[in-house]
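*Asks:* Here is what each chain is made of, one letter per residue.
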Amino acid sequence: MNKKIIATTSLAGCFGCHMSILDIDERILDLIELVEFDKSPIDDIKKFTQPVDIGIIEGGCCNSENTQILKYFRENCKILVSLGECAIMGGLPAMRNGIPIQECLNEAYLDGPTVQENHEHIIPNDEELPLLLDKVYPCHEVVKIDYFLPGCPPRADLIWNALYALITENPMEMPYEVVKFD
Amino acid sequence: MEGPINKIKISLDGKTIFAPKGSTIVEAARENGIYIPTLCHFEGTDPKACCRICTVKINNRLMTSCTTPIAEGMEIESNSAELNDLRKSIVELLFVSGNHFCPTCEKSGNCELQALAYRFKMLVPRFPYSFPRKEVDASSPKIIKEQNRCIACKRCIKTIRDEKGRHYFAYKNRGQHLEVVLDPVLGAAMPDDLARKAMENCPVGSILYKEKGFDEPIGTRKYDKQPIGSEIENQS
Amino acid sequence: MTIKQEINQNAFGNDKNRLMDILLSINETQGYISRKNMLDLSQKLGISMAQVQETVSFYHFFSSKPRGKYNIYLDNSITAVMNGRAEVKEAFEQCCETSFGNVSRDGLFGLFNTSCIGMNDQEPAAIINNKIFTHLTPYRVKHLVEDMRAGKTTDELMYENFGDGNNADPDVKSMVSNHIRKKSIILKKDYIPFTFLTTKLKEYTPGDIVAEIEASNLRGRGGAGFPTGMKWRFGRRTEGKHRVIICNADEGEPGTFKDRVLLTEYADLVFEGMVVAAYATGSDIGLLYLRYEYRYLLKFLNRKLTEMRKNHFLGQNIGGVQGFNFDIRIQSGAGAYVCGEESALIESLEGKRGEPRDKPPFPVEKGYLGYPTIVNNVETLATAVKILHHGAEWYAGFGTKDSLGTKLLSISGDCRFPGIYEVEWGTTIREIIAMSGAENVQAIQVGGPSGMMIGMKDAGNMDNSELMKWYKPSGMMIAEKFFDRKLSYSDLPTGGSIIIFNNHRDLLGEVVMNFMDFFIEESCGSCSTCRNMPIIMKNKLRKILDGHGIRKDIYDLLNWGKVLKASRCGLGQTAGNPVLSSIFHFRHLYEQRIQSLTQFDSGFNLDEATKETKKYVHRKPVFHHFKTSETWKDQ
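Residue numbers (this note's numbering), protein chains in the order written: chain W, 594 to 775; chain U, 945 to 1180; chain Z, 5 to 639.
Hints may contain errors.
Listed below are the simulated DSSO-like cross-link pairs for lysine-lysine, each with C-alpha atoms no more than 27 Å apart in a straight line [as the list claims (entries may be wrong)]:
no. : chain 1 : residue 1 : chain 2 : residue 2
1   : Z       : Lys405    : Z       : Lys192
2   : Z       : Lys245    : U       : Lys1108
3   : Z       : Lys615    : U       : Lys1078
4   : Z       : Lys370    : U       : Lys953
5   : Z       : Lys637    : W       : Lys671
6   : Z       : Lys8      : U       : Lys1108
7   : U       : Lys1156   : U       : Lys1141
8   : U       : Lys959    : Z       : Lys569
9   : Z       : Lys192    : Z       : Lys204
10  : W       : Lys671    : U       : Lys1065
11  : Z       : Lys73     : Z       : Lys192
12  : Z       : Lys356    : Z       : Lys48
13  : U       : Lys1032   : U       : Lys1001
14  : W       : Lys737    : W       : Lys640
15  : W       : Lys640    : Z       : Lys637
16  : U       : Lys1141   : U       : Lys1102
17  : Z       : Lys363    : U       : Lys965
18  : Z       : Lys618    : Z       : Lys547
19  : Z       : Lys356    : Z       : Lys8
20  : W       : Lys737    : Z       : Lys245
21  : U       : Lys1116   : Z       : Lys569
22  : Z       : Lys618    : Z       : Lys631
23  : U       : Lys1032   : Z       : Lys542
24  : Z       : Lys569    : U       : Lys1032
25  : Z       : Lys303    : Z       : Lys356
26  : Z       : Lys618    : W       : Lys671
27  : Z       : Lys556    : U       : Lys1032
28  : Z       : Lys20     : Z       : Lys69
29  : Z       : Lys363    : U       : Lys959
30  : U       : Lys1102   : Z       : Lys356
31  : W       : Lys596    : W       : Lys640
32  : W       : Lys737    : Z       : Lys547
33  : Z       : Lys547    : U       : Lys1078
34  : U       : Lys1108   : Z       : Lys40
35  : W       : Lys639    : W       : Lys596
Read the hints as simulated data drawn from the structure, not as lab findings.
Pulled out of the complex, with its shape left as it was, chain W reads as follows (with noise of 0.2 Å):
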């Protein structure tokens, strides 16, 4: 059997989902006999080197670089999945949404209680940051997403028992106390 390309990334996430698709602990060498790892943090690799099976999208778009990443997954991902809470509703960077981005920026960068020695009142602005968007949104509202694995982290269980349903084209078992949203 032909080994499937995975892919990962993570957009306005923390790297918990990532951590939590290493808490798979010794299914990790199963893992590795049934999939090579293109484009992902894991294996640092950039940009795509070939068509890849399964996209996993870790974190929601919270800014304009958020969103092409993604567009640049589903272009080059058969199937596109959404790992944990932000992909797949924003999360907590999601809190912000109904804040208008001006207030957002001024808490985070003049007003707020945690700034300190910002005497310049700067708000970074160089041309290689990406903007904001007016809200967090979830992966799919931007663009096509095939799977949806929840969690915060999802459990590890979770993720294994997905892969492996996708990797061997089989249905996927879902125990009660696998699917949580925390």
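Given chain W, put chains U and Z in place with the hints provided.
*Replies:* Then chains U and Z, alone, in the frame of chain W:
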């Protein structure tokens, strides 16, 4: 089939069951070890079918089973693919119309809305998220009213009252602007036991007793291992 | 008298069931209901302030913030939109120097949108401090505002003639016109009011009256069509310390205005109907729930009641029947469409927010203050008197086999002669078009926004039988192919609202959107379904209209709309109908707008999503790490 005395016969999903006259469909089902999902319903108070999750079909009409009393020979359809999808979509509707950030919520694991989502295997709501802007009212010394999580189920309105029958909580506005607010006068002098009761009765994390945070580890909470309703289904 | 004094010595005996009246009085004298008022009231009535606020914040015409000296409530029903509402709105905003939803800086003007005020035959119309102004134009607005700036009273603002008939009565003095275009057995002035009461009532037992009404097969004329005789019989058989007759004059279905005309010209008939119904059911309490928008008739109607008391048509031993005691009180609403639903109306009568009750129990078992309560529509009560006077047999000579008698239609929209038409059941849509002088008709809405649309192009494609089971219309929107269909309980049932749209109208962008806004505004919010679903459906339709629609969106709308069927009341159950019925019967309008080859389009637009940030940082996003396509869609 002759039934026990003082009980009447109904049919639930084709199964004949007996329950005392005057009970509602939800109660009748429960007595027979059958779970009909409910959310706004709170035992011991008059039902007010706000959430519509307990909807069943009788004579091809949709009725809420928490408010409808049983009648002799009634034929009820509850556990069908159609009705379960309806219930699931109502749960999803409640998720997208509020701001339900489960990972940050004190009630996570003990939340009935979340538990229903688990029971119906909701992975992602089919509807777009609305991310409404809601306020947090922390003016009372005893409780926090977190509007982001409120599902307007009316449980607190019905159960939290003072000795004169005055309501601590009430609806405000209508339609999509509807919210449940705490009375500023009564809320300022809320007795401790009532504040705790308010938090317990809230099905979600919208009423929080102040200075009480997360105190149960993941894995031991109410709905971590067993789906909501299994306590009824496993009783016999 | 100050508000504080008014609260302390109100005429309503500190009865929390009369909260509506107390609030109406404060709202009228002071212009709004302050937090302090609510606090004082809560102490007086023995409820919490939050409970007082619950009622205050529910009704459209109660304000918790100071409003203007002149408050202009501009009707936003679809016929207003079709008759130049946008220009009138703009003129108000310019002349009053504020925008809708706000009060001008000088505190002179408050501008507010409001749902259909029952003037569809004379739009655009507005309520200015309880006075109705119809046929508004930007020109007229300019003069109105000038006069208001000059400090004129609302009476002085009017330089038009009074309307016809009782609209010119000294207690009405209104420019509203009746526009009665066709009279039949109900509207014909061949009956001297109270004749039945004074001459025949004694000969009948209450049971006889119920039997006669049951024999006539009269069904509720508000739209639901429940058999009236049966309702009376049920109400009669329930034991109670009191029984209650309620006349439902909360005519709120957009496009309906027949009750306005009945109350203006046939009030005696309606009241006589209430007395007869009270006799038949053994009721002693009578309530007429008058929608706030018709408050300009309040003084006139109360005068009618006073006259009735003087003539012993109300009070003790009415009609010479020993022990038949009955009186009527008029309760004013405060702006909520849902209060037309009978149990919501009862909640409102009890001083609460107008939230429908779960049924069972039905009002005939447990209604106003727990008493058996019979709620009848204005037209039903008027019709009952005529039936009793002439006999059920006579009545059976009109209409069709399954729908006896006549129906008042409120016809408006694109036609030359909008107004009230009394037609026999069985009248076809084609006849309605002919009698109202309509041309180039694209569609007709029968039954208001909660009704249904039927189109031409999709007619052969009606294989939606499974879905159709979910959508029981209370009326329909009809296109030419179906113009031979008949108004009747078995074919096209209706509460009487008929709105006509010609070929130039944008049915989706203009009409359906307007109807959806109506439901979103008027939902009581209690059911999770009706509170949240209409707005999701509206956004989806918006997406399609904006050119981002795909075929799946149409199926989503059809499937999602099902959820509304689980709502408690008719408003919620039909709140998706504008979209659903237009998909069923004007499918081609949707097909034209969707991208047929696109598999996925979320509608996401990076330009739009970064608009706010770009304003702030003065630059565009740069991408040079990866190459991707320009489009966000998935072909």
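*Asks:* Each hint needs a verdict: does it hold in this structure or not?
*Replies:* For each hint, the structure was consulted:
1. In summary, the hint linking Z/Lys405 to Z/Lys192 is supported, as the alpha carbons are separated by about 23 Å, within the 27 Å threshold.
2. A hinted pair counts as satisfied when its Cα atoms are at most 27 Å apart, and Z/Lys245 with U/Lys1108 qualifies at roughly 26 Å.
3. Taking the CA atoms of Z/Lys615 and U/Lys1078, the gap is near 23 Å; set against the 27 Å cutoff, the hint holds.
4. Restraint check: the Cα-Cα separation between Z/Lys370 and U/Lys953 comes to about 26 Å, which is no more than 27 Å; the hinted pair holds.
5. A threshold of 27 Å between alpha carbons decides the hint, and for Z/Lys637 with W/Lys671 the separation of about 15 Å falls inside it, so the pair holds.
6. For the given pair, Z/Lys8 sits about 24 Å from U/Lys1108 by alpha-carbon distance, which is consistent with the 27 Å threshold.
7. Proximity of U/Lys1156 to U/Lys1141 is assessed by CA-CA distance (about 13 Å); at most 27 Å being required, the pair is judged to hold.
8. Of the supplied pair hints, the one linking U/Lys959 and Z/Lys569 holds, its CA atoms being roughly 26 Å apart against a limit of 27 Å.
9. Taking the CA atoms of Z/Lys192 and Z/Lys204, the gap is about 20 Å. The hint holds against a cut of 27 Å.
10. Only pairs whose Cα atoms come within 27 Å are accepted, and W/Lys671 paired with U/Lys1065 is accepted, the gap being roughly 25 Å.
11. Note on Z/Lys73 and Z/Lys192: the hinted pairing is violated, with a Cα-Cα distance of about 42 Å set against a maximum of 27 Å.
12. Taking the CA atoms of Z/Lys356 and Z/Lys48, the gap is near 16 Å; set against the 27 Å cutoff, the hint holds.
13. For the suggested pair U/Lys1032 and U/Lys1001, the alpha carbons sit about 16 Å apart, so the restraint of at most 27 Å is met.
14. Among the hinted pairs, W/Lys737 with W/Lys640 is consistent with the structure: their alpha-carbon atoms are about 21 Å apart, no more than 27 Å.
15. The straight-line distance between the Cα atoms of W/Lys640 and Z/Lys637 is roughly 22 Å, inside the 27 Å bound, and the hint therefore holds.
16. Restraint check for U/Lys1141 and U/Lys1102: satisfied, since their Cα atoms lie roughly 12 Å apart, inside the 27 Å limit.
17. For the hint linking Z/Lys363 to U/Lys965, the alpha-carbon distance of about 18 Å falls within 27 Å, and the restraint holds.
18. With a C-alpha separation of about 24 Å, the suggested pair Z/Lys618 and Z/Lys547 falls inside the 27 Å cut-off, and the hint holds.
19. A hinted pair counts as satisfied when its Cα atoms are at most 27 Å apart, and Z/Lys356 with Z/Lys8 qualifies at roughly 22 Å.
20. Straight-line distance between C-alpha atoms of W/Lys737 and Z/Lys245 comes to about 64 Å, which puts the hinted pair past the 27 Å bound.
21. Between U/Lys1116 and Z/Lys569 the alpha-carbon distance is near 25 Å, which keeps this suggested pair within the 27 Å criterion.
22. Proximity of Z/Lys618 to Z/Lys631 is assessed by CA-CA distance (about 22 Å); at most 27 Å being required, the pair is judged to hold.
23. Only pairs whose Cα atoms come within 27 Å are accepted, and U/Lys1032 paired with Z/Lys542 is accepted, the gap being roughly 21 Å.
24. Annotation: proposed proximity of Z/Lys569 to U/Lys1032 holds, straight-line Cα distance about 14 Å (limit 27 Å).
25. This hinted pair checks out: Z/Lys303 and Z/Lys356 have alpha carbons roughly 24 Å apart, not beyond 27 Å.
26. Our distance criterion of 27 Å between C-alpha atoms is broken by Z/Lys618 and W/Lys671, whose separation comes to about 33 Å.
27. At roughly 20 Å between alpha-carbon atoms, Z/Lys556 and U/Lys1032 fall within 27 Å of each other, so this suggested pair holds.
28. Distance restraint check for Z/Lys20 and Z/Lys69: the Cα-Cα separation of roughly 22 Å lies within the 27 Å cut-off, and the hinted pair is therefore satisfied.
29. Taking the CA atoms of Z/Lys363 and U/Lys959, the gap is near 25 Å; set against the 27 Å cutoff, the hint holds.
30. This hinted pair checks out: U/Lys1102 and Z/Lys356 have alpha carbons roughly 15 Å apart, not beyond 27 Å.
31. Simply put, W/Lys596 and W/Lys640 have alpha-carbon atoms about 19 Å apart, close enough for the 27 Å limit, and the pair holds.
32. Simply put, W/Lys737 and Z/Lys547 have alpha-carbon atoms about 16 Å apart, close enough for the 27 Å limit, and the pair holds.
33. At roughly 25 Å between alpha-carbon atoms, Z/Lys547 and U/Lys1078 fall within 27 Å of each other, so this suggested pair holds.
34. For the given pair, U/Lys1108 sits about 21 Å from Z/Lys40 by alpha-carbon distance, which is consistent with the 27 Å threshold.
35. About 20 Å separates the Cα atoms of W/Lys639 and W/Lys596, which keeps this hinted pair within 27 Å; it holds.
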